[in-house]
Amino acid sequence: MHSFIQLSIVVLLLPLLSFVILIFFNRKLPRRGDFVGVGILGTAFAISATIFWQVVVQAYDPAFRVAWDFTWIDLGTVPGVGPLQIKMGIVIDNLTSIMLAMVTLISFLVHLYSTGYMKGDKNYGRYFAFLGIFTFSMLGIVLSDNLFSIYIFWELVGLSSYLLIGFFFEKQSAADAQKKAFLANRVGDIGMWLGILILYSQFHTFSFQEIYANLAAGKFGLSNGWLTAAGILLFMGCVGKSAQFPLHVWLPDAMEGPTPVSALIHAATMVAAGVYFVARIFIMLTPDALHVIAFIGACTAFMAATIAITQNDIKRVLAYSTVSQLGYMVLGLGVGAYSAALFHLVTHAFFKACLFLGSGAIIHATHHEQDMRWMGGLSKKMPWTFATFTLATLALAGLPLTSGFLSKDAILAGAIGFANVEGGGIFYLIPVLGFFSAMLTAFYMGRQIWLVFFGENRAHLKPADDHHHGHDAHAAHGGHDAHDLHQEDHGIHEVPWNMRAPLVILAALSLFFVYSPDPLDGARGWFMKMIPTPATVVGAANPQKGALLGGVAAPAHAAVAATTETHGESAAPAAGVHGVAAASHGEEKGIHTYPDPRQAEIIHAGHAAHYTAIYISSAMVLLGVSLALIVYVFGIIDPDKTALAIRPLYLFSLNKWYWDEIYDATFIKGSMALAKIFTWFDINIVDGIVNGVATLVRKFAFLNSGFDKHVVDGAVNFTAFTVNTTGAVLRKLQTGKVQSYIVMLLLAVFGYFVFYVTRMIH
Amino acid sequence: MDQLTTIGLNHYLTISALLLGFGLFAVMTRKNAIVVLMGVELILNAANINFLAFSKFNGGMQGVMFALFVIVIAAAGAAIALAIIINIYKIFKSVDVSSIDSLKE
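So the protein sequences, as listed, match chains S and B.
With my numbering applied, the first sequence has no gaps in its numbers, which climb one by one up to 776 at the end.
With my numbering applied, the second sequence has no gaps in its numbers, which climb one by one up to 342 at the end.
30 Å max Cα-Cα, derived BS3-like pairs, lysine-lysine:
#1 LYS330/B with LYS751/S
#2 LYS327/B with LYS751/S
#3 LYS136/S with LYS193/S
#4 LYS133/S with LYS394/S
#5 LYS476/S with LYS395/S
#6 LYS136/S with LYS476/S
#7 LYS746/S with LYS341/B
#8 LYS268/B with LYS746/S
#9 LYS341/B with LYS751/S
#10 LYS751/S with LYS268/B
#11 LYS133/S with LYS42/S
#12 LYS655/S with LYS476/S
#13 LYS268/B with LYS327/B
#14 LYS233/S with LYS101/S
#15 LYS327/B with LYS746/S
#16 LYS341/B with LYS327/B
#17 LYS136/S with LYS185/S
#18 LYS268/B with LYS330/B
#19 LYS330/B with LYS746/S
Examples of chain S residues lying across from chain B (beta carbon under 10 Å, computed):
#20 ILE756
#21 VAL757
#22 LEU760
It is worth saying that the hints were derived from the structure and are not from the lab.
Quick reminder that beta carbons are idealized off the backbone N, C-alpha and C, glycines included.
The shape of chain B in the complex, shown without the other chains (with noise of 0.2 Å):
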């Protein structure tokens, strides 16, 4: 019962592990680019729940502070993969990767 009682290292782990999980099925099933950077995000995430999971059970204050770089990268990232879905729909008229293939050329 303790074990249930108790949030420990394990539920962390395996919140941040479903999160993961479901990043990448959006990344990899989803049409919409946008909806594929929002898996990525949640990739992010996923990491970010792990470093600060280890940061509290080590006592440290280091996974705190990586997890704060990967919110402002992650930020950053987003603005700029935004910007260049924003050029592809220039270019392609649609936002759907899986019509979008010129890289085997």
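Isolated chain S, as found in the complex (with noise of 0.2 Å):
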């Protein structure tokens, strides 16, 4: 075995080894064992930071792969399935080792920054349990190599994330929360199951390298639309979990667990693995499934963003911007930009992280204001805050210098490449909803920024009735009442040393120069020449289809081994991309070689947009940060009377596009409705066959009782009574009497003797 696989065991059983202590025996340790939890995931990183550090920085091997599995259920040759044999095991690659730095870092600083703002929590131990096994769930799709396994973790996932968004069970709204995450996350989860179906029907395993090398071997029996089908419902799991259009219903209202729980879920672990999981299933996306992906990414990224700009409440705001950027990855994995959706994952958790955080600060030191409305000049009492926030949110806009402007660039480059290279308008709408998603996120952060930091605090404008958000907080937190007291005494003041350090952590990561040298093109950082885009397989798998594309059927292994040359040339403009034959123009270029001319080209295609799109997403960001200005700062419009001059408008928005409405109306009603109907089929119909079959049981006994009474009875009672009877007449002859039974033994004498002489006579 690998000693990276040795170290990345003791990784994924870390947080679980936490989970089982502090589940079991919080109580009995002192300060509920929260210096467990801490400790163990400052172990996990250390350990994962030293495999990301001996994988990408030591190795540097875009192609480095380390693989071990092992048997764990052999049924053998099932009836009707074929072999059945389930594998576990563990996949490290360049990808697998940073998502694992990435996820025990973010993890480990939750941790940390928990410690203060749960502390005096009545159920803090049982806190802190929970996010290890958030954990070790995550930790356990990173590096799951099989579907099968995948499936198991992302289970654990969605129970781990009830655990913690219906943390405050007491209160209402977080219990329907995690059930609204919960059941949102299962549809995802029935489709992504189908997908594992229908490639376990065809290859017999859950392998991923085997169902790709048997894809690339042409091996898959069904029609190509059965392979679109596939990829169409394993992305459905990602839908789920990574909350995009139609199931991102659940992220927003899954704000009601503790903020530090909303920056796990939104950076390192939940939201993560569905990006993630995409990516591990890339190589077998058909070309149809992508656009699906794409346009799927690019409706979520717009519609978040759009009701992003009109929430009021801290944390919804920075939900809903999760849900946008996470569409943003959605859509850079389907118009095949991988590295730089990948590349958004990890610059996003980062600055997520830092933001959710930050505003579990701004909560904290409000006591439990979540309200930007009645914020406000918190810039001076929280320096720490207010410096690492702004440095997020400049990231999350995607200014340059900051890490969030070199991926999110990335991203909407591939956009327009694949929009020039599929050539028809409707695929034009991907990046330009990009565009405009990158402006309304730079006006929506800068009002938040302005809102919650700047101007005179508000807190005194509240209204008193308006109490209940903060009033339903106390009630939750409980053991927090003790804490708000002391603080009431100070006022708002900046955290302690234990909350800030994470955001200063995280706040630094949100630079340009941790993942690249240049600020302007994240393409020449280690992170994109580290994570190429794999070459498909499904082109291959297809011969119509490449046929079509006027493919070479080449194995997928080659081509990945063809990919290591780095993408550090590829900046360079070139004009005319199209009609170029983009194999051979590739291989000029010293690029990469793809057997799929389409993947080819768009990557080229790409890169051949970066300027472009450096251009574009500028000035979308500047437009949007001085809108945010204009309106927030100078005052020169309204934004009160504006939202009432467009008022259907503002009210879409606000009620982020009556999604819960709608669902409310359809699928909720629509299941009352037909819980309802089997209601009635089940009173009326099987009730009904019951008492049916019991009344016809009762009758048929009612009979069976008349024939035992009357019948075997009444024989029995016959044959006693004709006992009776005789006995009664017989008992008359004995008398007694001495002189009766001489007259009786006459008679009987008399009568032998009439019977002899009458047998004499005849």
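Two independent chains are provided; combine them into the complex using the hints.
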């Protein structure tokens, strides 16, 4: 076993250990055992960092891959299914090692931060236990080498998110939110499972490597449509977990959980899982499936951005920004900008964790005030939070010199390139939506920064009857009361060091130089060099499609080996990409060679569009920022009057496009109606049958008892009666008087005599 | 006339039958146990007359011998019967056979 595998098993099991210790013994440990969670995650991060260092920095090989597996369950040959063998395994490549380091780092920081944020909560120990199992599940997804174990950990992530979202379960809204998250995820998971089954039915294996090898060898026995369907069904898992349209509704409600949990969900663990999973299955997605993915991503990005601009809850704005950024990642994968999408996943993880932890600090400092309308002027009171929050905001908005700029720009460049290659007018919708969302992002984040940190503090403006939110939070926190009282004396102040340190670390990781020496081009950085776009296996899997595209059917493994060239040279803009035989073009320029010309063309066109993307996105971001400045800083446009002027649009956005209402009217009402129909069926038909049978049995029993009473008992009683009567008669003869016996004797003798004489006569 | 003047077997048998009838009648109808015993003696004597009559007309001595035995046994029986009656009287304070019916229990 490779030492990386051994180390990664340790990393995987450490958070589980933390969970087991804390769930059973937290009350016996000092400080409810929070140091166990923090210490274990710190250790896990240290080990992950070692793996990361050795894999990404020292080996520096884009094709690096270590795998190990064992047979977990061997059911032999199952009738009707064929050989059924379930393997478990671990694969470590560049992506895994980066994700490992990212997940453990953010989880560690969240643990550390929570020691301050959750202080005094009555379920403090259990909280850390849940964080442990959440991290464990996510690490399981990251390390899995097959669909089956990914599915197991996928469900575990769903479970742990359920536990954490509903952590304040005494609160009705939290209990509702956890159910909503769980159900929305379940919808996606069903699709994912069906997708897994389609693949399993063909290849009798769950392993990624074996499935892709089989696909590359063209062993997929069904039509191409089935392959597309399998891809889209697997993507459904991502739609649920990564909160893509139309299953995005759970994520904003998940804000009911404690704020550090939101950071964990939104950055490292839950929503990243969906994007990571699509990246894992990327090479088996057909162009049709990729188109679906790209459009869903673009719709999600745009829709969430439009909703975010009108939300007043500080965490809800961030939640919708998360949905929007996830839309970007999915869009990136859909358009084939694989490296860029994963790059965005990582950069987003850090700055979004920073933003959530920052908002947690604000909520903590303002005594559970979450409504931005009653904040303001916090920059002086909380300088550390302000600085880190602003830096992360810049990264989220995608301003140059930040990590967010690098990754978002790479995605948008890929989207432009994709639209150019696909050529259809409708495909231009994807980059357009992307750019527009970038502008909206800049606008709503500018609004948030201004409302929270600048101007006068508006806490006193809060209407008295609008207290319920804070009040609920108080009620739910319970143990916080003492803490809060302590705070009332000092008013709003900066958070303690254990909450500040994570903010600083995360903000530092939102700067460009962590990822790339060139502040304008992420492709020069180590990340995109280490995560090259893998060559698709479906071009080769489907000869017709390959022939259609004029592709060369080469095995996927050779293709992966061929992708060792770097993206470094690719920034040079090349005019007239279209129509050039992409493969040969790539060779000329010393870039990748792909067996699938479509993929090569898209990547090439993406590089070509790099500067275009920079110009447009910078312009869009500046537009958004200046709009925010005009509205909120200079007050040239009054936001309230504008809202009134475009009231329908405003309400549309404020009510989140009415998705909750639509779902309520359709699925929830529909389920209720269905349930009613079933209830009716149950009561009238099923119960009717049961009652009918019962009545029949009763009738039969009645008849039976009649027979029993009259015939059987009658026979018995009649016998008794006969005996009784006979006895009564015969008793009379036994008088006990000797004389009567003599009479009878005489009569008998006489009778015998008569009988004898008559016999003699005849 | 011959038949009326000469005493034949039939006369003996008739007397015997009458005696038997009276004896039976006494046994069946009398209430007093001693009278019943007397009826029994009548029956025995009816039998004796039969024995003697058949003995006389057959010419043998067996009937006479048998009658003698019967007389002896009747004497013994009467003694035992009287002893029983005395015991009955001790128990029931009565010798009325119609009121003694403990056999039916």
